[in-house]
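Novice: Using the sequences and the hints given, assemble the complete structure.
Residues per chain, in single letters:
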Amino acid sequence: MGPYLKTARRYRWLLGAMLALVWGAGLVAAYSEYTTTFESEAIIWVQRAPPQLAGNPEDPNVTVVQTAASQQASLFNQLFLADSFLRDVVARTSLNGTLGNAVQERKALDDIRKRLRVQTLGTNLLSLSFTGRDASIAREMVDAALAVRGQRVAQARVTATSQISGLYQKQLALGQAQALDLQRQVEEFDQNHDGPLSDLEQRRRDQLRLALDYVQIRLGDLRGRIDQAVLAPALVDVSGSEFQILDEAREETVPRGGVKPAALLVTIALAAGAVLAALLVLVGALLADRLAGPATVGRLAPARLFATVPRVGTDGRGKRDLRAELALIAFEDAGAGSRAAGR
Amino acid sequence: MTGAAQLTRVFEGLASRIDASGFRSVGFTSALSGEGTTTTALGTALSLAALRDETVLLVDANWLQPSLTADAGAEKAGGLADHLATRGELAGLLRWASRPRLAFLPVGDRAVARPSLRALSSFLAGKVASHGTVVVDLPPILAGEAFVLPWAGLLDQLFVVLREGATPLPVVRQALARLGPSATPQIVLNRAAVAAADLAPALHPVRV
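Chains as they are written, first to last, in our numbering: chain A, 285 to 627; chain B, 742 to 949.
Calculated directly from the structure, the hints in this document are not laboratory data. Please read these numbers as outputs of a predicted model, since none were measured by experiment. Even for Gly, the Cβ is constructed at its ideal location relative to N, Cα and C. Among the hints, erroneous ones may be present.
[As the list claims (entries may be wrong)] Covered stretches of chain B (chain A as the covering partner; in silico rule of three or more C-beta atoms under 8 angstroms from a C-beta of chain A): (1) 776-789; (2) 812-821; (3) 837-849; (4) 918-927.
Specialist: Structure (structure tokens):
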């Protein structure tokens with residue numbers, strides 16, 4: 285520990301200047317981040333529509349594991365992944381038309397994606413927020429995101445409703461054809477059998493009537509489903525119980541939402557300063573522990589410097605192998621130099 | 742000035758200080774390998790041979806990596822180890838280098854003997870003494886402490902070669918501590934960026 289403390293003392297001014305620079309820059313950046321960050325937040329109450337009002341209550345894809353809030357939050361997060369959604373959001377704000385060319389647009393959308401945040405606050409409560417440099421833009425972004433989400437959900441609901449209705453209509457048409465056919469068979473049977481019926485004939489007639497009754501019940505059920513498929517989404521929309529905005533996004537007048545990024549900046553600056561200082565001390569201690577020159581030999585007392593052998597420069601052939609040449613001089617046979625140089 | 746003279750001039754400062762200090766036997770070691778010990782020993786031996794009007798014996802005592810022996814192509818020849826094991830007379834083991842007044846003693850068969858205080862003492866007091874100067878190339882202290890310590894108390898001066906800007910000081914301190922309090926090695930700073938002329942204040946006064 286001693287050498288490191290000694291090095292730290294030796295470089296205290298440099299360390300102080302470096303720490304002041306790094307930490308100071310970090311603190312300034314954090315302050316700037318805090319004072320120029322405005323977050324707008326909307327609080328939303330969500331709940332699932334009753335199964336009776338669901339578009340298709342038998343749909344196996346309808347999840348029951350997630351809470352209503354987390355389901356809506358994950359829907360938001362999925363929508364944020366789509367550039368088209370973000371484009372629609374931006375189009376509803378003052379930023380409309382500022383996205384620029386394709387490359388700039390991609391960067392801008394990625395930036396917006398990072399700033400939009402959905403958070404579940406409870407089983408039925410969630411918040412949607414946008415953090416930006418401009419308070420009014422932040423509010424506009426939240427409002428726009430909610431509006432576009434509503435639009436998308438409504439569109440999806442209409443599409444799902446028309447698909448389900450189409451399916452039910454086809455099933456209804458098929459059932460109606462079946463019912464007509466069975467009705468015709470019953471009437472033909474009645475026309476062809478005036479007198480008392482045998483057991484076999486009675487059984488056949490009962491079968492036909494039973495089949496006709498079943499098809500008619502099925503037709504009634506299908507008509508009910510068609511009505512439900514058309515009316516349920518409309519009822520959900522009208523009631524507004526599925527997605528209620530409790531607190532609208534506001535235009536903040538004081539900085540908000542910049543505490544975390546500012547704290548992160550401060551932490552990074554502190555850590556970077558500490559790491560740089562540690563590196564400086566470490567490198568300084570290592571270098572100080574090398575024999576830097578004649579002056580440092582004094583640190584080896586009682587051993588003393590007797591003489592120095594100067595560094596031999598380079599000649600035209602590159603670095604000179606001094607020992608090879610000395611060996612050639614001393615043991616002049618042709619092999620001496622090459623033997624030494626080979627090692 | 743010839744190329745050889747230019748090269749040996751690199752070690753002139755060191756050789757002059759050894760000469761001025763009156764050291765007759767010097768050894769070169771280091772804390773770690775790669776510090777340039779062998780090069781310094783070889784260069785110093787060449788410079789001393791040119792400087793002193795007497796023979797210089799260069800001894801390869803690097804039991805771990807006998808590079809000088811390999812440079813001289815004497816891997817299979819007898820040498821110091823054989824002499825310490827009393828398997829050969831010194832005169833028969835010496836090789837005269839191509840430079841005047843420079844003799845070389847290879848490491849020899851390292852399996853037959855290890856350097857011990859007694860054997861080295863009699864080695865240095867024996868016929869080796871007839872050579873004006875003995876320059877010994879030793880292995881790094883931390884890797885081959887057992888091969889360095891016996892020499893430390895017998896040589897006039899043990900030099901620890903350190904490479905400027907590369908050798909970690911804690912490692913050097915550890916190596917110096919291994920040598921013990923009896924040996925006071927001196928430092929030879931290798932590959933120094935500062936010109937020798939600028940070092941006068943840093944160099945301790947030499948014994949004359």
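Novice: Which of the numbered hints are not met once you compare them with the structure shown?
Specialist: Result: no hint breaks.
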